[in-house]
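Undergrad: Line order of the protein sequences matches chains A and B. Counting with our numbering, you get residues 487 to 718 for the letters of the first sequence. Counting with our numbering, you get residues 487 to 718 for the letters of the second sequence.
Possibly wrong hints are sitting among the right ones.
Claimed, not checked - Below are the BS3-like pairs computed for lysine-lysine, each with C-alpha atoms no more than 30 Å apart in a straight line:
#1 Lys671/B / Lys638/B
#2 Lys535/A / Lys655/A
#3 Lys690/A / Lys535/A
#4 Lys671/B / Lys655/A
#5 Lys535/A / Lys535/B
#6 Lys535/B / Lys655/A
To be verified - A few chain A residues that face chain B, going by a derived Cβ cut-off under 10 Å, partial list only:
#7 Ile606
#8 Glu610
#9 Ile643
#10 Val677
#11 Asn687
To be clear, the hints were calculated from the coordinates, so they are not data collected in a lab. The structure displayed is predicted, hence computed values, not measured ones. Just so you know, even glycine gets a beta-carbon here, dropped at the ideal spot from N, CA and C.
2 protein chains.
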Amino acid sequence: MAAAAAPPPPPSAAPDPTFSATLPENPVGNPIFVRIRLACNNDVPHIHKLIHQMAVFERLTHLFSATEASLSATLFNSLPFQSFTVLILEVSQVPFLQDQHQNNPLYPPVVRIINLDAPINDPEAETFRSGADVVVAGFVLFFPNYSTFLAKPGFYIEDIFVRECYRRKGMGRMLLSAVASQAVKMGYGRVEWCVLDWNMNAIKFYEEMGAEVLQEWRICRLAGEALQAYRD
Amino acid sequence: MAAAAAPPPPPSAAPDPTFSATLPENPVGNPIFVRIRLACNNDVPHIHKLIHQMAVFERLTHLFSATEASLSATLFNSLPFQSFTVLILEVSQVPFLQDQHQNNPLYPPVVRIINLDAPINDPEAETFRSGADVVVAGFVLFFPNYSTFLAKPGFYIEDIFVRECYRRKGMGRMLLSAVASQAVKMGYGRVEWCVLDWNMNAIKFYEEMGAEVLQEWRICRLAGEALQAYRD
């Protein structure tokens, strides 16, 4: 059956999730809408820029070789949470529209209002615009891992990143919580990620989130020429 | 079409891989056939025992809660290399039969002959028997990870284990090489795993294999009650 043009809206008693997070009647400070939603291939240009900003922050741009094409070719090839998965962090001055993101049946977005002390001046708002009133502020990329002792999958977070002007406002906590909540929902056993041992702010933050920092384990990496030596 | 009973063997010029690794005419020392093949659900009882032995070796049995049922429920749910993947290490005094393992189209086994200084006395041979002349000696469990800087998948090795009486004979090297070769074959960017910082023998071995031990990174883990706190 072909879609009819502009049908009248059906009567509905269901609450409109657009307004499930509305501004308080007497807003205090500077409220901002914050959303975490599933990323899709259209987000690749923003994801690419965010990864590059992370490489700059970590002073590791010499290791950065990702392109929009290589990200597109390797992400979004499976159902979310089954393999490499990206959640996008967005901010808006107004409630999020009921678009395909807000109504994604695979992952209903997390929406919160954060009351800021002062409005945020985002010098890159145009670069990271993802909708009429929406700007991308960060992302998290994660994928399943496996514990043989638990005989259960878990999630490993490869990257969690919030753009500089949006930091220290609880958005990183929202991103990490979103992954942890999804792990609990799926009956998974643990969530793991890595931190640089000199990054005391991050370690303090992660410990406050309930994480244990494993002191005795070191990562071994086989890459580049050393890996190519194993070509059959 | 129903399968015909016992058809005559077709004429074939293809080499029989059973004999691609035959004993030398004048064997020196004590040769043993070693095979790495894809694991399947039938291997779960052996995999379970191997994981338990690893927990004993690492003095972490208090963290061990895997059962055969929980392993069966969480492994072998996808194509090999796409998610959690197990390779089994087996030894035999005679060439491996042309069975379903040897002819697995998803992963042609790796077979080598190792010349031992002395015959191996395996006190658990019956417990780990997987065929008339075949005994399970170890395993490796790994799964895809992802590097955002490379925009490429890699492999993360969760466990690599060789039973005590088979150690220091090059079989661990065979297991690690099998994963690295598979990564190269798939165009992946790196292979990673973890090591305890006081396990100098392992660190030396991994460095000889070409791996870099990353000194600055620490693993953060959210598990148990701390993870359950994120229940929505």
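Undergrad: Take the hints in turn and mark each one as holding or not.
TA: For each hint, the structure was consulted:
1. Lys671/B / Lys638/B: The given pair, whose Cα atoms are some 13 Å apart, holds under the 30 Å limit.
2. Lys535/A / Lys655/A: 21 Å, holds
3. Lys690/A / Lys535/A: 27 Å, holds
4. Lys671/B / Lys655/A: 44 Å, violated
5. Lys535/A / Lys535/B: Given that 30 Å is the threshold and the Cα spacing comes to 47 Å, the pair is violated.
6. Lys535/B / Lys655/A: Given that 30 Å is the threshold and the Cα spacing comes to 48 Å, the pair is violated.
7. Ile606: Ile606/A check fails; min Cβ-Cβ to chain B is 25 Å, beyond 10 Å.
8. Glu610: Violated - the Cβ of Glu610/A stays beyond 10 Å from chain B, reaching only about 19 Å at its closest.
9. Ile643: With a minimum Cβ separation of about 9 Å from chain B (threshold 10 Å), the hint on Ile643/A holds.
10. Val677: Holds: closest Cβ of chain B sits about 4 Å from Val677/A, inside 10 Å.
11. Asn687: 14 Å, violated
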